[in-house]
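Chains as they are written, first to last, in my numbering: chain A, 1 to 286; chain B, 1001 to 1266.
None of these hints come from the bench; they were simulated from the model. Just so you know, these numbers come straight off a predicted model, no measurement behind them. There's no promise every hint is true.
Over 10 Å on every C-beta distance to chain B, these chain A residues come out as not near it, computed from the model [claimed, not checked]:
hint	residue
1	Phe52
2	Leu55
3	Tyr58
4	Ala64
5	Pro72
6	Gly109
7	Ser124
8	Arg195
9	Pro197
10	Leu228
11	Ala253
12	Ala260
13	Ser268
14	Leu269
Just a few of them, taken from the derived set where beta-carbon distance is under 10 Å, the chain A residues facing chain B [to be verified]:
hint	residue
15	Ile28
16	Phe47
17	Gly196
18	Met198
19	Ile199
20	Leu203
21	Gly206
22	Val207
23	Tyr212
24	Phe213
Glycine included, C-beta positions come from ideal geometry on N, C-alpha and C.
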Amino acid sequence: MSRIDARVLTISRIGPFRGSATTFGVLIRSGFRRYSTYRQATIAGSFTNIVFGFLRCYVLLAVAAGAVGQRPGGYDVEQLATYVWVGQGLLAVIGMWGWTELSDRIRTGDIAADLLRPVSPVTSYLAADLGRALHAMLTRFGPPLVAGAIFFPLHVPSRWQTVPLFAVSVILAVVICFACRYVVNATAYWLQDARGPMILWTLGSGVLGGLYFPLRLLPDWATVTLWLGTPLPSLLQAPLDVITERDGPAMQAGLVGVQAFWAVLTLSLTVLVQRRAERRLVVQGG
Amino acid sequence: MGELRAYAALFGAQTRSVLSYRTSFVVELVGNMGATVFDVITVIVLFRATPQVGGFTLAQAVLMVGLSSAGFALADMLVGNVDRLKTYVRTGALDAVLVRPLPALPQLLLMDLPLRKALRVVFGFTVLGGAVVMNHIDWTPARVVLIVVTPLAAAAFFGSIFVISATLAFWWVDSGEIGSAFTYGGRDFTSYPITVYGAGFRSLFAYAMGFGFVAYQPALALLGRADPLGLPAVAGYLSPLVALAAAAVAAVVWRIGIRHYRSTGS
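Okay, chain A solo, but in the shape it has when bound:
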C-alpha cells in the first residue's frame, strides 16, 4: 500500500506548492459555504449560547460577590463576565462538540472515497474545519458578546497587543480542537463505533477546557498540570485568559506559546494516527 504513489500527474504549469495552496483554499471556501446554508441552525445555536451565558455569568458573579476581595481565581467582576460571554461566542468557533463526520464515514465505509482522493484526509478535513470556524467567527461569535455587553459590564482590553494575540490564540485553539476531534473520531478505525471516546472528549473538553468554570479556580498545581500535560486548557481557557488580560504581558504571550506547542504536537499526532490506521484499515463492506 505504502509503495504505491497515488499522486496525480499534473500537466498544469503551476508549481506543487501553489497547487496545494489553491486546493487548500478551495477546501476552506467549501467548508465555509457548507455551514452558511444552515442559517436557522445558526440562529438557534446563538440563542442557546446566550441562555447559557446568562446562567454561567450569574453564577460566577454570585461566587465573586462572596469571594475574598471579590476576585475569585484572580478575575475581577468585569473579567469574569467577559470570560463567560466571549467563551460562549468561542464555543461554536472552535466547534468543540458534535463533530462525528469522520467516525461515521469510517463506520459506514465511506472513508474509502476519501482515501482515494489525492489530498490526505487530515489536510482536507482541516481545511473544511477552518472554513467552518471562519463562518462561525462571523456569525456565532458576535451575538453572545452583544447580549453580554448589554446586560453586564465587560472588560475592555487595555494593552495594544491583546486583540492580535487573541486572534492568534483563537486560530491555534481551532487547530488544536480540530486535531483532538480528529484523533477521537479516528478511534473508529479500531473500535468501529467511536461513541465511547466521543463522550469522554465531550466531558473532558468542556470541564477541563475552561467552559464550566475558569480553571484558575482550581488549586495551582492542578491548573499547571492540566495546562502543560493536556491540550484541553488551550482550547478555551487560553484565548479567554488572553482577552480578559488575567495575567501580565509576558504570561499572556506565554499562554499563546503553550498553545503553539500543543498545535504542533496534536497535528503531528493526527498525521501519525491516520498513517497507522491506513495500514490496518479494512473498509467496511469491502
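Place chain B on chain A using the hints.
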C-alpha cells in the same frame, strides 16, 4: 398484550444493538456518569472560592444539585432521546413510525432507550443521599414524602420539557440546539439557588416556566428555611402540581405537533 410484545421487541432489538459494541458501551456508561460527576465537581470548585453562593452553603447547594440531577438523569434516560426527533423528521424516518399500529411517542422512546445513561441515574440519587446526610434534616412525615416525591416530580417535569422542546422540530426542522437551552439549561438553572440570578431572568425561568419549583423550593422546605425571595413555605410542596401542568402542556403540544407533521415526501 400484543402491544406489549411489540414494545418488548423494540426494546430487545435496541439492547442487542447497543451491546454489540461492548467496549464503546462500557465507556459510554462510565462517561455518561462522568457528566453528572463533573456537574457536582463544578459546584464544589465554585464553593472553594467562597463560603456562600447566593446566601446558601455548599451542603445546601449540594441538596439542590442532588434533587435536580437525580430527576434530570431519570428523565434523560427515559425520555431524553426524544430530541432525536428532528433527525427523524428531516430524514422522513418518522413515516415508518407513524404507519405502525402503535402510538408514536412510546415507539420513539423505546427505539433509542439510552441504557448507557443508567449509571448516571444511580449517581444522581447517590448525590441526593449524600446531601441528605450532610444537611442533618429535621425529619417530619411531610418531609419524608417530599424527599421521595421531589425527584420523581422533577423527572416528570424535565421529561415534559424534553418532549416540548423536541416537538419544536415539527415546525422548525433546523431548530438545532435550541432545545438544550431549556433541557440542559434547565438542569443548570435548577442546580443553584435561584437567588443568584438577576430578577428578570429568574422570573422567566423560575416562575413563568416553573424551574424554581423543581429543586430550589423543595430544598427550602426540606431544610426548613424561609424563602429569601418571599414565597410562602407551601411553595416547596408544589413540584408535583407544576410537573403535572408541564406534562399536560407537553401532551397537548405533542398532539398538535404530530398532526401538523408533513412528511418530507422523499
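Okay, which hints does this one fail, numbers in order? Hints 1, 2, 3, 4, 5, 8, 9 and 15 are the ones this structure does not satisfy, whereas the remaining hints hold.
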